[in-house]
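Colleague: Produce the complete structure using the sequences and hints provided.
Under UniProt numbering, the residue at position 71 of the sequence shown is numbered 71, and the numbers go up by one with no gaps.
The set of hints was computed from the structure by calculation and includes no laboratory data.
We put the beta carbon where it would ideally sit given N, CA and C, even for glycine.
Take these hints with a grain of salt, some might be off.
[What the hints assert, rightly or not] Simulated restraints, written as ranges between beta carbons of each label pair:
{"no.": "1", "residue 1": "183", "residue 2": "161", "range": "35 to 45 Å"}
{"no.": "2", "residue 1": "149", "residue 2": "220", "range": "37 to 47 Å"}
{"no.": "3", "residue 1": "194", "residue 2": "162", "range": "37 to 47 Å"}
{"no.": "4", "residue 1": "157", "residue 2": "278", "range": "42 to 52 Å"}
{"no.": "5", "residue 1": "164", "residue 2": "206", "range": "45 to 55 Å"}
{"no.": "6", "residue 1": "187", "residue 2": "231", "range": "20 to 30 Å"}
{"no.": "7", "residue 1": "150", "residue 2": "195", "range": "55 to 65 Å"}
{"no.": "8", "residue 1": "164", "residue 2": "233", "range": "26 to 36 Å"}
{"no.": "9", "residue 1": "195", "residue 2": "269", "range": "14 to 24 Å"}
{"no.": "10", "residue 1": "151", "residue 2": "255", "range": "41 to 51 Å"}
{"no.": "11", "residue 1": "150", "residue 2": "183", "range": "45 to 55 Å"}
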Amino acid sequence: MQQSIVSEEPENRFGIAVFLATALHVILVLGLGFEIGNQPPPGPQLEITLARQPSGAVPEEARHLAQFNQQGSGDLSDRTSVSSASAMPQAAARQQARSAAETVQAQRAGQRPVTTRAQSRPLPAEAPDSASTSPAAVAGSSPEAQRLQGELATLEAILEEQAQDYSNRPRVRRLTSLSTREAVDARYLHAWRQRVEAVGNQYYPEASIRYGLYGSLRLLVVINADGQLEDIRILSSSGYAVLDEAAIKIVRMAAPYAPFPGALRATTDQLEIIRTWQFQENRLSSG
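Modeller: As structure tokens, this is what we get:
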């Protein structure tokens with residue numbers, strides 16, 4: 001009888017242990033499920049931004065917190081809501097709020113405003129209208145462009161007039177005693193020199209002989225293609241007005257000169273001859 005009671009006690013203890021373990025597991029499972037199911041939803045989140053310009057009107061529906069009122073602009077219809085799964089942790093939210101407060105204080109103290117937004121979505125650039133940005137449209141809409149166009153037209157007219165005047169100018173060739181001359185130039189210059197010296201020695205100034213006035217001067221003589229005398233200029237005086245006037249008189253007395261030969265006329269309309277005139281005793285020479 002005693003052996004039967006002793007053998008039943010371990011079995012009763014084992015059953016009680018199994019029952020207690022099962023009950024404990026059920027309580028734990030039900031308790032955790034109740035806590036998870038009854039977890040309160042996350043609290044509302046505040047997004048803090050900095051307003052650039054204060055506005056006198058108070059917006060009816062504010063989406064952000066800032067240091068003063070400001071009306072929003074733009075279209076927010078495409079903005080996606082932030083889910084609770086991707087919500088910022090509480091510590092990061094406090095740090096963002098602290099940074100925003102510091103920025104507001106710095107802006108009030110006169111420092112450069114800094115935005116706390118980590119990233120901003122760039123607006124798509126509008127394609128320029130080819131009709132409105134054409135050179136004609138820009139030039140017509142700007143008074144400065146119209147003024148520049150007027151100045152450009154005036155400058156073009158002046159350049160065209162100068163080009164026309166230049167094309168109408170005679171083709172001038174200058175011959176000096178130091179210049180290298182072509183055969184046709186050399187022949188004409190030699191013939192001109194012989195004629196001038198012949199007339200000068202024939203009409204040598206008597207005052208030079210009477211008063212013993214001698215010297216040299218440089219004279220520029222311009223001759224047209226038909227041999228007519230165009231101009232006479234003294235480049236360097238002899239120091240005696242009598243000799244300077246005598247040289248000019250001799251050149252005029254020797255005119256007209258021979259017309260230009262065909263080869264010279266094809267390239268030259270006027271011939272400038274610069275020579276040194278020397279009044280020596282009873283003799284005139286040009287070299």
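Colleague: All the hints need checking, so say for each whether the structure fits it.
Modeller: Do the hints match the structure? See the list:
1. Take residue 183 and residue 161: their Cβ atoms lie about 38 Å apart, and the range 35 to 45 Å holds.
2. In this structure, residue 149 and residue 220 meet the distance hint of 37 to 47 Å, their C-beta atoms being roughly 45 Å apart.
3. In this structure the hint that residue 194 and residue 162 lie 37 to 47 Å apart at CB holds, the actual value being about 40 Å.
4. Remark: the range hint 42 to 52 Å for residue 157 to residue 278 is upheld by a beta-carbon distance near 50 Å.
5. Checking the proposed 45 to 55 Å range against residue 164 and residue 206 shows it holds: the Cβ atoms sit about 51 Å from each other.
6. Evaluation of the 20 to 30 Å hint for residue 187 and residue 231 yields a pass: the beta carbon distance comes to about 23 Å.
7. Between residue 150 and residue 195, the C-beta spacing of about 56 Å keeps the proposed range 55 to 65 Å intact.
8. About 27 Å separates the C-beta atoms of residue 164 and residue 233, a value consistent with the hinted range of 26 to 36 Å.
9. Here the CB-CB span from residue 195 to residue 269 is close to 21 Å, well matched to the stated 14 to 24 Å.
10. The hint said 41 to 51 Å for the Cβ distance between residue 151 and residue 255, and at roughly 48 Å that hint holds.
11. A beta carbon spacing of about 53 Å between residue 150 and residue 183 agrees with the range 45 to 55 Å that was offered as a hint.
In summary, this structure violates none of the numbered hints.
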